[in-house]
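A.B. asks: As given, the protein sequences belong to chains U and Y, one line each in that order.
So for the first sequence, UniProt numbering puts the first residue at 1; every next one is plus one.
So for the second sequence, UniProt numbering puts the first residue at 1; every next one is plus one.
What the hints contain is simulated information worked out from the structure, not anything from laboratory work.
Among the hints, erroneous ones may be present.
Keeping only pairs whose Cα atoms sit at most 27 Å apart, straight-line, the calculated DSSO-like set for lysine-lysine is [claimed, not checked]:
#1 Y:Lys197 x U:Lys326
#2 U:Lys231 x U:Lys326
#3 Y:Lys197 x U:Lys401
#4 Y:Lys305 x U:Lys282
#5 U:Lys231 x U:Lys311
#6 U:Lys358 x Y:Lys305
#7 U:Lys127 x U:Lys116
#8 U:Lys92 x Y:Lys391
#9 U:Lys271 x U:Lys282
#10 U:Lys92 x U:Lys130
#11 Y:Lys296 x U:Lys321
#12 U:Lys504 x U:Lys493
#13 Y:Lys123 x U:Lys130
#14 Y:Lys366 x U:Lys317
#15 Y:Lys391 x U:Lys326
#16 U:Lys116 x U:Lys92
#17 U:Lys401 x Y:Lys391
#18 Y:Lys305 x U:Lys281
#19 U:Lys358 x Y:Lys197
#20 U:Lys494 x U:Lys537
#21 Y:Lys296 x U:Lys326
#22 U:Lys537 x U:Lys575
#23 Y:Lys391 x U:Lys358
#24 U:Lys865 x U:Lys853
#25 U:Lys205 x U:Lys127
With the Cβ distance kept under 7 Å, some of the chain Y side facing chain U (calculated, not the full set) [unchecked claim]:
#26 Val51
#27 Thr70
#28 Phe178
#29 Lys197
#30 Ser244
#31 His246
#32 Asp295
#33 Ser384
#34 Ser424
#35 Thr426
Computed from a predicted structure; not experimentally measured.
Here a beta-carbon is modelled for each residue, glycine too, at the ideal position from N, C-alpha and C.
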Amino acid sequence: MTVGKDVRYPTLILSFNSLNQEKYYLYLIIITINLQSQLFKLNYKIKNCSKNVVNCMQTDNLELKKLVYLYLMNYAKSQPDMAIMAVNSFVKDCEDPNPLIRALAVRTMGCIRVDKITEYLCEPLRKCLKDEDPYVRKTAAVCVAKLHDINAQMVEDQGFLDSLRDLIADSNPMVVANAVAALSEISESHPNSNLLDLNPQNINKLLTALNECTEWGQIFILDCLSNYNPKDEREAQSICERVTPRLSHANSAVVLSAVKVLMKFLELLPKDSDYYNTLLKKLSPPLVTLLSGEPEVQYVALRNINLIVQKRPEILKQEIKVFFVKYNDPIYVKLEKLDIMIRLASQANIAQVLAELKEYATEVDVDFVRKAVRAIGRCAIKVEQSAERCVSTLLDLIQTKVNYVVQEAIVVIRDIFRKYPNKYESIIATLCENLDSLDEPDARAAMIWIVGEYAERIDNADELLESFLEGFHDESTQVQLTLLTAIVKLFLKKPSETQELVQKVLSLATQDSDNPDLRDRGYIYWRLLSTDPVTAKEVVLSEKPLISEETDLIEPTLLDELICHIGSLASVYHKPPSAFVEGSHGVHRKHLPVQHSSIDTGESPVSGGPAAAMDQPHVIPSQGDLLGDLLNLDLGPPVNVPQVSSMQMGAVDLLGGGLDSLLGGDLGGGVGGSPAVGQNFIPSSVPSTFAPSPTPAPAAAVSSGLNDLFELSTGMAITTGGYIAPKAVWLPAVKAKGLEISGTFSRRQGHMYMDMTFTNKALQHMTDFAVQFNKNSFGMIPTSPLPIHTPLMPSQSIEASLPLNTIGPVMKMDPLNNLQVKTHTLAQWGKRQVFLATWKDIPNENELQYQIKECHLNADTVSGKLQNNNIYTIAKRNVEGQDMLYQSLKLTNGIWILAELRIQPGNPNYTLSLKCRAPEVSQYVYQMYDAVLKN
Amino acid sequence: GFIVKRELSQKAKLSIYSDLVNVFYEMVTALPGDQPPVVMVTHKDRYFVHVRQGGLFWVATTTADSSPFTIIEFLNRLSALVKDYCGVLNETNITENFALIYELLDEVLDYGYIQTTSSDILKNFIQTEAVSSKQFNLFDLSNVGLFGADTQQSKVAPSTAATRPIQGSREGGKSEIFVDVIERMSVVIGSNGVLMKADVEGEIRVKCYMPNCSEIRIGLNEEFSIGKSQLRGYGAAVRVDECSFHQAVRLDEFDNHRILRLSPSQGELTVMQYLLSDELPSAPPFRLFPTIERDKGGRLIVYLKLRCDLPPNSLFISPCVFNIVVSLSQELSSPDQRAELRPESRAVVWNIPRFAGGTQLSALFKLDIPDLSSASLLEVGPVSLSFELPKLTATGLQIRFLRLSPIQPSQSQRWVRYVTHSDSYTIRV
């Protein structure tokens, strides 16, 4: 059959009598639907024939049935009526004796995204989940995931999730694999629920199924295993032992998923054990084998190997040869290989690596040659013994006079000078010969830097620099800044001859330039030079900090996260999934498991500590003691409630301003920061030459960083016995260039404090911390500056406690994700009647119901616990064996919340109904209830 | 031929947007150079993953953080599967078998979850018959590549025989089985003639068109060994470093007798992959003795002498194409043999159609290069060869026997073929 222009459409409906014709026209329709081709605009006509198509469902011909189903899948959305007509057929087909037809029906049902019919499909689906044929069961398992995507609530209510969990124990491995895949996907949208319920028994079942199912099923199972945290090293080891055989699988996706599991569990194994070392040895051959695939597979493999090499270089240190470039590799593979070669370079193999790099530097491809030249420089910096040889290789390359090679060589020689000062100046003369050929800003800046740095040894340094000055305004900012600094250096070294030059450059920089960075730097030098030349000398010519060996390492925390995502897109982009997947479930980040013997970071010493030392104003509110209430309780505890949906809101938070600048500009560089914000979370120690240019953190990252601040902290601190949430990570190091902040809110002596732990996870030390609160819903402001005065060294932590007050300006925030709940009794406000009146007064649509699960307390304990947390019970009733507690609370900003808590003896799940004029806070109140009752 | 075969992956719903195809087309054509297979699309946050097979782009789209490995591997499998079912991979064939492919996809993928890619299992579900394209068309001719030179010889099946749809056997086609041992060499020989790196990647591929064959036993050389430690007997072992097998292969007789047992599915199957690194059992097949100098007229003189070190009694090696990439050249004045200059890649390409074992060939190139300096000599080089050696394996791996059970009728044919390709054969000057 061919599709030509002469589609004899009108005959379509007429000829539906003969089976063969039907078949072919259905092909035609389907092809048309899918190609959406401009040639065949059949759409409107197809509508007319949909009835005929549905009639065809009755056919016994499997081939035709398939086509009809295909048609339905494509057209149901636009023609819901047709889908409804088809429901009966589906139900009937689900009971067909032929398992193929049953499965076909289930599969198609799930793909019809029409709300109205979904409920009719529950019963057939339930039957198919328990079908005797594994092919039907496995299709039904996937169907649950489809249905969950359409209507999550219904899937939960109908108990499909439990059926799915039962399927994990199924005898057919394919069914297990699909059940695992479906559950994994569903649980991604419920980060907190433990849907998969990974426990040693289940893990065991999965491992058994792993050996039997198809390669694709193995991938699902391995990915699921990687989310499991074994409880001790013995368990980790036994899982590793059973996963290791997968490493020799022919499917590279299986191999990589297995590598991911092993990389994660390696964390748990003691480093000196025999098994640990055996495992490391076993990891290397499969990784090498991945490189023999197609270039596409190689590329993805190399990106992953890049991560693995950074995390555990020992795995591949013997295998450097496989990363040598082949002449017919695509360029993207070449570049990746080069990167890995450098990471693996060591004293043992440097000779080999250098010989290779030298070959690469004469290749044809410009990008590759540049990178090869740069790699030679990185070798010199990394392996000190090879520096001499690298430099001579670079000089050879400069001799070729190939423009881009020379320029690239000069850039890396600058770095070599930084690393080994005063060692290779003899080559400066050669470099200067090439001054005229440099046309790229990087190379020009590098050359200028070299001239400025070694001005005292270059006789005509002033002439050289002056020659650059002529076209000062045409240069890029980078060159301008370097030139300015270089001339100032020159002046300080040879003040007599160069006064004119320095004045010229300063006036160019300060008066004629539009660039604030340049102006600022110009003024700084100008003032330094004019007020105190001695200090100027100390500042400008001070000894520079050493540069690190590896210039482009991924931050350790990010690396750890990426290791958890081996094999996924994140590992190809080297970015966390939250950075590029829209609507990602950023809330639950994956972490590498922590070895249990070394837990010291897990629990913060502060969280429990201060409570004991506090003199608690324990207020027992009595009816009418209004004054006491007001005095004491109005300074109630702040509660910060998770706000899951806030990821995209980009809201400015409590710490918004401060973090804004922290993330956005100031961190990047000393001079060019954003003074307008006035926030000073500036680690100012970044060495000026190597300061990363101010990196504007992407807006998304900033806002999610800010929201992270609160989404995890259920901070709440109260009077004696009150609950202080453990510190939660507000600002992960990934988001803030290595600064991690975790904290909680507490209340001591009637004052609120924000307890924070600052941890420096970057490679440089950080100083000058300050904090500012943006306007927030509760007027919260700090009453004293942040008490951190000493610099924060790498991997050091500092505890700080910041007193807070609520007298600041109030601004309603949307979302209300930092909610400071000021609990307040209704006692003085009313008796039951008032409560009831208010309850009725608030419109019903503002009532929200929640379930508090797994709480084993009786009504009195509940009431006591809540009272400790300033939620007072107004009345208690017993209706039909259920305890009803009526409670109220008030937030500091004057919002009243009425609550009805229903407790059924013997049932650990409580029902909480909340009524409030501002229903948006209910969610947080519920979460606070949940937190209080469970602690 | 350019066709966009759309493929639904994780989360991508069945409703396909035709504009996506255009977006992809634009992205692929906008970047003429090699681009990484993962392409990001900024609008709608959709990601494309594509591979190229049979001159077609195979594209999958995904919105989630799914594994590109899985997708690439899947796309490769899918194209193999389509090839199994439709015969040859080309644009017309795919258009004609659209419904079949759609049906395949439906079974292979469910809601983005890959269910199975085994043609054997799928056979139970697939109803549509393949529409075979004509027996001989231009596309078939273009497929002659791999074993094309052997087509005239009676011992080897025509290459078209191996590229027919698996369903064809139902209609009484010949029952045949092909076992191919394909090896790829990558060799780097330093400028001093020292072998710097030599890797061989190999695979055994089975193409089976025997509907009632339940088990194949493939016997390898008995002295075949894996890993460095377990050298056997007299040291003349056929050795590989790593080995991986398809999961349908049963290895119970492998350890002792080097026999692979498998129940073949119809169509193509990569039974075993292996890798030998850093060590060749024999000397590298080609050696080059280059002389490069400047003559008085400022010309670059490149004299190349190429030796083939294969045993003299080995048959003709054909066809051979030698790519001699000599960077930087402006004019080729006196080509000694069939040679051409490629200014865009700054290379001279020297084509040698046939090259017998144990013989030697030479070529002299004179290149006029403006501003020739002594430094430019540094830029000449490396020489890369690409070739194909039929009936040879670099590792020495052989198929000892091929037994089918139940015993097949006499008209069934079995083919065992060996070939070694150059993956990257570089000689530095």
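A.B. asks: Would you mind marking each hint as holding or not holding in the structure?
C.D. replies: Comparing the hints with the structure gives:
1. Using a Cα cut-off of 27 Å, the hinted pair Lys197 (chain Y) and Lys326 (chain U) holds, with the two alpha carbons roughly 11 Å apart.
2. For a cut-off of 27 Å, the pair hint linking Lys231 (chain U) to Lys326 (chain U) is broken: about 45 Å separates their Cα positions.
3. Of the supplied pair hints, the one linking Lys197 (chain Y) and Lys401 (chain U) is violated, its CA atoms being roughly 30 Å apart against a limit of 27 Å.
4. Between Lys305 (chain Y) and Lys282 (chain U) the alpha-carbon distance is near 44 Å, which puts this suggested pair outside the 27 Å criterion.
5. Proposed proximity of Lys231 (chain U) and Lys311 (chain U) is supported: the alpha carbons are some 23 Å apart, at most 27 Å.
6. With a C-alpha separation of about 25 Å, the suggested pair Lys358 (chain U) and Lys305 (chain Y) falls inside the 27 Å cut-off, and the hint holds.
7. About 20 Å separates the Cα atoms of Lys127 (chain U) and Lys116 (chain U), which keeps this hinted pair within 27 Å; it holds.
8. With a C-alpha separation of about 59 Å, the suggested pairing of Lys92 (chain U) with Lys391 (chain Y) is violated against the 27 Å cut-off.
9. Pair hint Lys271 (chain U) plus Lys282 (chain U) holds up; C-alpha atoms about 15 Å apart against a cutoff of 27 Å.
10. Distance restraint check for Lys92 (chain U) and Lys130 (chain U): the Cα-Cα separation of roughly 17 Å lies within the 27 Å cut-off, and the hinted pair is therefore satisfied.
11. Simply put, Lys296 (chain Y) and Lys321 (chain U) have alpha-carbon atoms about 41 Å apart, too far for the 27 Å limit, and the pair is violated.
12. Between the alpha carbons of Lys504 (chain U) and Lys493 (chain U) the distance comes to roughly 17 Å, so the proposed pair stays at or under 27 Å and holds.
13. About 25 Å separates the Cα atoms of Lys123 (chain Y) and Lys130 (chain U), which keeps this hinted pair within 27 Å; it holds.
14. In summary, the hint linking Lys366 (chain Y) to Lys317 (chain U) is not supported, as the alpha carbons are separated by about 44 Å, beyond the 27 Å threshold.
15. Restraint check: the Cα-Cα separation between Lys391 (chain Y) and Lys326 (chain U) comes to about 25 Å, which is no more than 27 Å; the hinted pair holds.
16. For the proposed pair Lys116 (chain U) and Lys92 (chain U), the alpha carbon gap of about 18 Å is at most 27 Å, so the pair holds.
17. For the hint linking Lys401 (chain U) to Lys391 (chain Y), the alpha-carbon distance of about 47 Å lies beyond 27 Å, and the restraint is violated.
18. Between the alpha carbons of Lys305 (chain Y) and Lys281 (chain U) the distance comes to roughly 43 Å, so the proposed pair goes past 27 Å and is violated.
19. The suggested pairing of Lys358 (chain U) with Lys197 (chain Y) holds, with an alpha-carbon distance near 16 Å, which does not exceed 27 Å.
20. For the suggested pair Lys494 (chain U) and Lys537 (chain U), the alpha carbons sit about 12 Å apart, so the restraint of at most 27 Å is met.
21. Annotation: proposed proximity of Lys296 (chain Y) to Lys326 (chain U) is violated, straight-line Cα distance about 35 Å (limit 27 Å).
22. For the hint pairing Lys537 (chain U) with Lys575 (chain U), the CA-to-CA distance comes to about 42 Å; that exceeds 27 Å, so the pair is violated.
23. A threshold of 27 Å between alpha carbons decides the hint, and for Lys391 (chain Y) with Lys358 (chain U) the separation of about 37 Å lies outside it, so the pair is violated.
24. Taking the CA atoms of Lys865 (chain U) and Lys853 (chain U), the gap is about 16 Å. The hint holds against a cut of 27 Å.
25. The hinted pair formed by Lys205 (chain U) and Lys127 (chain U) meets the criterion: a straight-line CA distance of about 24 Å does not exceed 27 Å.
26. A hinted interface residue such as Val51 (chain Y) counts as satisfied when its beta carbon comes closer than 7 Å to some beta carbon of chain U; here the least separation is about 5 Å, so the hint holds.
27. For Thr70 (chain Y), the suggested interface contact is upheld, since its CB lies about 4 Å from the closest CB of chain U, less than 7 Å.
28. A cut of 7 Å between beta carbons decides the hint on Phe178 (chain Y): the least distance to chain U is about 19 Å, and the hint is violated.
29. Hint on Lys197 (chain Y) holds. Least Cβ distance to chain U is approximately 6 Å, under the 7 Å limit.
30. The criterion of a C-beta within 7 Å of any C-beta in chain U is met by Ser244 (chain Y), whose closest approach is roughly 5 Å, and the hint holds.
31. This hint holds: His246 (chain Y) has a C-beta 5 Å from the nearest C-beta of chain U, less than the 7 Å allowed.
32. About 21 Å separates the beta-carbon of Asp295 (chain Y) from the nearest beta-carbon of chain U, more than 7 Å, and the hint is not met.
33. Annotation: interface hint on Ser384 (chain Y) holds; nearest CB of chain U at approximately 5 Å, less than 7 Å.
34. Contact between Ser424 (chain Y) and chain U, as hinted, is supported at the beta carbon level, the nearest pair being about 4 Å apart and thus within 7 Å.
35. Taking 7 Å as the C-beta cut-off, the interface hint given for Thr426 (chain Y) holds, the closest approach to chain U being about 5 Å.
Hint compliance for this structure: hints 2, 3, 4, 8, 11, 14, 17, 18, 21, 22, 23, 28, 32 are not met, and every other hint is.
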